[in-house]
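Read top to bottom, the protein sequences are chains H and E. Using this note's numbering, read the first sequence as starting at 1 and increasing by one per residue. Using this note's numbering, read the second sequence as starting at 355 and increasing by one per residue.
Certain hints may be false.
Computed, partial: chain E to chain H, Cβ under 8 Å [stated by the list, open to error]:
| no. | residue |
| --- | --- |
| 1 | L448 |
| 2 | G451 |
| 3 | A454 |
| 4 | A531 |
| 5 | G532 |
| 6 | F538 |
| 7 | P543 |
Computed Cβ-Cβ distance ranges for the label pairs, DEER-style [claimed, not checked]:
| no. | chain 1 | residue 1 | chain 2 | residue 2 | range |
| --- | --- | --- | --- | --- | --- |
| 8 | E | D562 | H | R136 | 50 to 58 Å |
| 9 | E | L467 | H | R111 | 53 to 61 Å |
| 10 | H | P77 | E | L480 | 52 to 60 Å |
| 11 | H | G138 | E | D589 | 57 to 65 Å |
| 12 | E | L374 | H | L172 | 48 to 56 Å |
Derived SDA-like pairs: lysine to any residue, alpha-carbon spacing no greater than 20 Å straight-line [as the list claims (entries may be wrong)]:
| no. | chain 1 | residue 1 | chain 2 | residue 2 |
| --- | --- | --- | --- | --- |
| 13 | H | K134 | E | A464 |
| 14 | H | K65 | H | N89 |
| 15 | H | K134 | H | Q144 |
| 16 | H | K183 | H | H198 |
| 17 | H | K183 | H | Q144 |
| 18 | H | K183 | H | G143 |
| 19 | H | K134 | E | T373 |
| 20 | H | K134 | E | R539 |
| 21 | H | K183 | H | D208 |
None of these hints come from the bench; they were simulated from the model. A virtual CB, placed ideally from N, CA and C, is assigned to each residue, including glycine.
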Amino acid sequence: MAPLTAQPMLQISNVSVRFGEAVAVNDVSLTVAAGEFVSLLGPSGCGKTTLLRSIAGYVFPEPGKVVVNGRDITDLPPQARRIGMVFQNYALFPHLSVGENIGFGMAMQRRSASEIAARVREMLEVVRLPGFEKRRPGQLSGGQQQRVALARALAFEPQLLLLDEPLGALDLQLRESMQLEIKRIQRATGVTTIFVTHDQGEALAMSDRVAVLNAGRIEQVDEPRRLYADPATAFVADFVGRSNVMAAELVANGNEGAEVRLANVDRAVPARCSTIGPGQRGWLSVRPEHVHLGAEGAFFEAAVEGALFLGTHSLVTLRHGSGLRLNAHSTRSWRLGETVGVRWSAENAKFLDS
Amino acid sequence: MKRRSSSFDLVIFAIVATTLVFLLAPLVVVVMNSIGRAGIASFPPRELTFESYYAIPSRWLTALVDSVWLGIAAAGLAAALATSAALALSRTRLRHGGIALVLLRTPLQAPSLVVGIAFLQLYVWLSASSGVPLRGSFVGLLLAHTVVSIPSVLAVVLARLNAMDSQYEEAAYGLGAGPVRTFFRVTLPLIGPAVLSGVYFAFLLSLDNVPLSLFLASSSFPLLPIELFTSASFDLTRTLYAVATIVCVLTTVLTTVAFRRLTATLVTAAQV
């Protein structure tokens with residue numbers, strides 16, 4: 001990653017996008033360094049595609065500012081932005097050959113035919129489809145169309161590469177190999193990339209940083225590992241990886257650590273918490289792999305409600321007398337209805353106030 | 355694949371056969387009459403001859419050429435206008451797009467005779483008030499035929515545009531093409547077959563439009579359907595049937611060729 005002192009490649013400041021009464025993107029700010037791969041992750045309808053389209057110039061923020069490479073492009077139409085985009089359904093021009101599709105951006109820049117042909121050949125090498133110039137998009141498989149769309153978006157040397165759920169239309173196996181391909185091509189070209197996805201696995205695997213969006217707002221921007229280990233909000237804890245997110249109230253927060261009370265559970269349980277005063281209501285997030293089962297040092301007891309054997313471990317669903325449900329990973333087998341003690345260590349239980 | 359014919363197949367066959375008989379019977383009458391012995395037309399003809407074809411007056415051939423030119427010009431102009439309107443209606447957020455669409459379709463909804471009289475009144479008023487001589491002129495006919503051609507082109511082009519993903523155009527913009535280059539390099543090639551089929555129907559509508567041309571044509575710019583209509587009102591000569599047969603053959607050939615090509619391109623376009 002580029003040092004933070006360098007000029008950011010993309011700077012989005014307080015961008016909001018409205019469609020009539022509906023607010024699709026709500027006061028979002030994001031800075032992306034040159035060469036960085038940043039994912040916009042969120043459920044459908046969270047505003048991630050709209051945010052991407054406002055960078056590309058297909059929708060205009062009101063208010064907000066989009067700066068690319070030091071230049072304010074907020075009011076520029078898409079054709080003046082020089083930003084490459086790969087659409088969800090690729091949008092390859094069906095009446096043009098693969099070569100003409102890839103060369104389209106350069107033809108618009110009025111480059112010479114020989115220069116375009118050379119660049120098209122080079123791009124087809126990069127996406128590993130050499131000799132495909134004369135084919136029609138309709139003759140290609142989904143994965144091949146994906147590569148051509150990528151080559152087209154990169155051929156005219158864009159300042160930014162935008163990818164709108166590009167793997168959504170591919171089957172599972174192809175998705176995984178294309179994840180690696182996109183990463184390889186992105187590293188080879190060094191292009192700053194914004195990747196929109198609703199698949200948290202995809203975002204974690206591919207990105208330098210991930211921005212999690214919910215209801216038009218950014219909940220957290222962080223490196224994948226930190227996002228997973230240290231979610232900033234209950235939404236991120238639940239959306240990125242799986243987590244037990246339980247309603248909780250902070251009862252103590254001192255040097256010896258924090259304690260929270262879960263609804264209808266008799267004793268307070270240890271947690272990790274940043275500087276928030278007692279009495280605060282919020283959520284406690286504990287990942288299933290951090291929930292330990294056994295009588296020793298248990299915080300409370302719960303009944304085994306179900307168990308799914310997943311190979312390396314079982315996913316055990318537990319139910320406390322209060323109605324509280326939580327999931328745990330376990331390597332031993334459990335009988336249904338069996339009562340078991342539950343505990344976790346404080347550093348793996350994060351209290352979140354939002 | 356072979357399967358047993360059912361009573362349902364028989365019903366379908368009967369419907370298709372009846373339809374074909376009613377579609378083709380008048381044509382058969384026209385063709386048979388054109389090759390009958392000279393004199394007053396009657397059916398069936400007693401003796402076969404092609405002499406009525408030699409008797410076609412040259413005025414009618416001029417009228418046919420004029421009608422074809424008018425049809426091509428009107429359909430072409432209507433295509434340009436209707437395609438622009440369709441683009442505006444489907445690709446921009448017009449404030450009163452719905453009203454505009456209804457207005458553009460009115461020429462199809464009003465009876466042609468009424469539209470013809472309306473144009474006549476407009477032209478008479480124009481020439482009286484400002485001396486613009488549109489009545490009986492090529493331009494006057496062209497304007498009227500264009501107006502009534504617009505709805506048929508608009509319908510097919512708008513349907514195609516609405517069915518087509520605007521991501522193609524967005525992709526072109528993103529790659530640096532402005533609105534003009536996006537239209538000519540991406541939009542037009544993709545909607546081309548629809549525009550052509552609209553143009554084709556507009557041309558056919560113009561070619562045999564009697565009610566509209568009746569009030570606007572003149573001896574300085576004779577049109578075939580009007581010449582035939584006038585002639586038929588006085589006497590039914592075999593020459594009339596001869597010209598009608600020529601027009602039928604021409605349009606049938608044109609239709610067959612056009613449909614072959616259009617279905618081929620439309621099928622390719624539908625796969626997009």
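Going down the list of hints, with the structure as the test:
no.	hint	result
1	L448	16 Å, violated
2	G451	16 Å, violated
3	A454	21 Å, violated
4	A531	5 Å, holds
5	G532	5 Å, holds
6	F538	12 Å, violated
7	P543	4 Å, holds
8	E/D562 - H/R136: 50 to 58 Å	40 Å, violated
9	E/L467 - H/R111: 53 to 61 Å	58 Å, holds
10	H/P77 - E/L480: 52 to 60 Å	42 Å, violated
11	H/G138 - E/D589: 57 to 65 Å	59 Å, holds
12	E/L374 - H/L172: 48 to 56 Å	53 Å, holds
13	H/K134 - E/A464	50 Å, violated
14	H/K65 - H/N89	28 Å, violated
15	H/K134 - H/Q144	14 Å, holds
16	H/K183 - H/H198	18 Å, holds
17	H/K183 - H/Q144	16 Å, holds
18	H/K183 - H/G143	15 Å, holds
19	H/K134 - E/T373	47 Å, violated
20	H/K134 - E/R539	18 Å, holds
21	H/K183 - H/D208	11 Å, holds
The structure does not agree with the numbered hints 1, 2, 3, 6, 8, 10, 13, 14 and 19 stated previously, though it agrees with the rest.
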